[in-house]
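Going down the list, the protein sequences come from chains A and B. Position one of the first sequence corresponds to residue 683 (the working numbering), numbered consecutively onward. Position one of the second sequence corresponds to residue 683 (the working numbering), numbered consecutively onward.
The hints are simulated quantities; they were obtained by calculation from the structure and are not laboratory data. Fair warning: there could be bad hints in the mix.
Which copy is meant is left open, because identical chains are indistinguishable; a pair holds if it fits in one copy or across any two.
Claimed, not checked - No more than 25 Å apart at the CA atoms, straight line, and that leaves these computed lysine-lysine pairs for DSS-like:
#, residue 1, residue 2
1, Lys999, Lys915
2, Lys999, Lys871
3, Lys1029, Lys999
4, Lys999, Lys1045
5, Lys822, Lys871
6, Lys731, Lys822
7, Lys822, Lys1124
8, Lys1029, Lys915
9, Lys731, Lys757
There are 2 protein chains.
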Amino acid sequence: MSRTQQAIQEFENTIQEKMRAFEAFLSIPSVSSDPAKKASMLDAANYLKTYFEGIGMDAAAVYPTDLHPVVFAEKRACKPDAKTVLIYGHYDVQPPDPLDAWTTPAFEPNVRGDYLYARGASDMKGQIVSVIFALESVLKTGDLPVNVKFILEGEEEIGSPHFESFVRDNADLLECDIILNPDAGMIDKDHPTIVNGLRGLVYFEVRVDGPKADLHSGLFGGNIANPANELAKIIAQLHNPDGSVAIPGFYDRVRVMSDEERREIARIPSSEEEFLAVTGSPALYGEQGYTILERQGVRPTLDVNGLYSGYIGEGSKTIIPAYAFAKISCRLVPYQQYAEIYDLAEKYIRSLVPPTVKVSFIKHSGGPYYFADDAPGLENLVQAFKDTWQKDVIFKREGGSIPVATVMQEILGVKSILTGVSLPDDAIHSPNEHLHLPTWHKGVQAYIRFLTSFDA
Amino acid sequence: MSRTQQAIQEFENTIQEKMRAFEAFLSIPSVSSDPAKKASMLDAANYLKTYFEGIGMDAAAVYPTDLHPVVFAEKRACKPDAKTVLIYGHYDVQPPDPLDAWTTPAFEPNVRGDYLYARGASDMKGQIVSVIFALESVLKTGDLPVNVKFILEGEEEIGSPHFESFVRDNADLLECDIILNPDAGMIDKDHPTIVNGLRGLVYFEVRVDGPKADLHSGLFGGNIANPANELAKIIAQLHNPDGSVAIPGFYDRVRVMSDEERREIARIPSSEEEFLAVTGSPALYGEQGYTILERQGVRPTLDVNGLYSGYIGEGSKTIIPAYAFAKISCRLVPYQQYAEIYDLAEKYIRSLVPPTVKVSFIKHSGGPYYFADDAPGLENLVQAFKDTWQKDVIFKREGGSIPVATVMQEILGVKSILTGVSLPDDAIHSPNEHLHLPTWHKGVQAYIRFLTSFDA
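Next up, chain A with everything else stripped away, as it sits in the complex (with noise of 0.2 Å):
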């Protein structure tokens, strides 16, 4: 039997008592945004560290934050030049309301069929556990060839507050080769999925400014243009008709999709009727020509994220706005330069600017596109994926950013792997949250693959 084998069987044999600890671990109201529940957090960070500790680790530690504490532990490998392998996890979950909309008890964990139900199962206590458990049973069956490193934190789901400064402060302690971050999904259970690329972003304000101070509308209307009806006829024209956007030059260096790249986004499931469920929204709205997912992740953006003029409280006032401005961000795709973008946009925004007002640019940020094609260790894991589903694995380009990734890409260097084996319908931040077990099962089948193929 392979030296991986017996790790898998290692893990196969003490599912029960592996399932013991999951559970426990589920059992910790670990809810980073209840106050009252700052105990529970300060468990959970324990219980972890304790488990860390009994499997053998050379480090184990929980520090402080001005919140919630940070998870660190530490196992070296057993050759000097060994690569280091980052996990990131966070261990905090959603609030579990409306508690009666569940079966059983969020934090009590229930098994039911192939699923087990808990606050945290899939988001993402049992993704943390899937790869402590891989590294136990590699630990319990020989060598370790890869020093692995945990960073798990308590604020994942109030969105990393103090991530970024204990990343800052700690950058030597968690100096690492590759970053593992499963806290992504699969697309079903029958294909392994890596999230390759996330989109850039550029956001900037327009403000237009007509009068100097607000003016009476019915002495000065008819003869003042009015700032607000100004930015709208700007707005209206930062899009073409088919839904594309208008500033000339913001698909220059925007790759034209092969159709392979098109056959392979269209392979991925995805369901105009859960759009709309999730959203709410009454109708999908989209550039023509393509679909939801071509859309969603290599398809660039526009929208305007506030806008603000004049008299917004109950009721009216009868005014000309002094002045009025618009919040625009553009969600960028590879190759777009996000400063480039800036300036594209402002110069076509200048230039529909009529000389009855003024108009002004604030730059409030602008961030690279994320292609994570060329995350360090990438290879391993998609052939730890490969040989544990007998799949190719999915590619997939995701819409929004994962700050945590890049916080660590700009402190570390290192690129994240971004993955994991939660589904879709496991109804994370819901009620009845679950994990579908087998699914999980495979999945700590493939860490330990990963963890072992740095043997090599």
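Put chain B on the given structure of chain A with help from the hints.
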């Protein structure tokens, strides 16, 4: 010497003591917006009451309100079936700030050349006393052929918050046939002016709803219609490229101006430079084919008064907002019906809304255009002005509404004659406010002629 000439002569003979009385009134710092000046407000009211008593009014009283009092005074005519003229005025003034911009102190009236400098000299203590002095001289030289009432409020500069309830509660006291409101002004010192039309108004709110909550713009941008963008597109379609309103049917009831009307309006001097200086706008704007005064007075308009969507705080937040709204008003001209215009606007906007968002409306207010060609007593004043200036009267349409006129029309059933002898460059609301004394003298003469005109 005629009855009227006797009264005019009386005024000229007593001008010195009249000026002392006027200056004493101007010396009271009756700034309604300043809580520290509450006692001065009462002083000003009492000053008027005492003056009214001194000239032999039948009644003179200070009526408290929840803030600043109203002064009422009445003098009955010599004959029982005489008509009743109600004179509206306000004894409060704007704050004098910035104080150091005054050549002589705001509340120390100072005559330099033809001008009297003081806060309130023009707006409108000078206008109030011009009518009181006219009445005084008529009373001293013979019988009064018309009942005269005064209603002088102390809250005009802060929006007349208690005026409507006072008029409603004292409708019997205020019963009248004619209302004279001398709070307007002349287009220049050579042209007596009467405002004969004010625009109407319809004010509504358009709300565009998209997703049920703010969405992550990265995950959903490109597939979900953005209510802020969609609202901007709607607003952009409310005007045609020539600056006219694009709502179908909007102009159906608007009369085409006759050449004579246009010539009449063109007689009124107006300056683009002055408009730009007052507003601070970089350039004028407006419906093509119309002059400034036509746009201001006789053409309807549409303006956004307020605009809101999403995140408008400091910095940035990447969301697709759940909703967006705009507060929109239209200034209306004869013979547009505000209820009909609202219906046309709603119908048109609904036709612009794509199926990807939902639209809803709030109707805030509506009011008719005010056509004062037929205000009772108008012919008497026109003749008095002609006899005084030896010039035809200019009739001017103004863009806004005069709320106190609307209130009195609704409650007392009488349209106001809107006029006055202030001049456009009197610097009202500004430092070094002043009154052109030769014009003001003519005004007193004209009001004497107006009061004695009811003799016939």
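Just pull the numbers of the violated hints for me, sorted ascending. 2, 5
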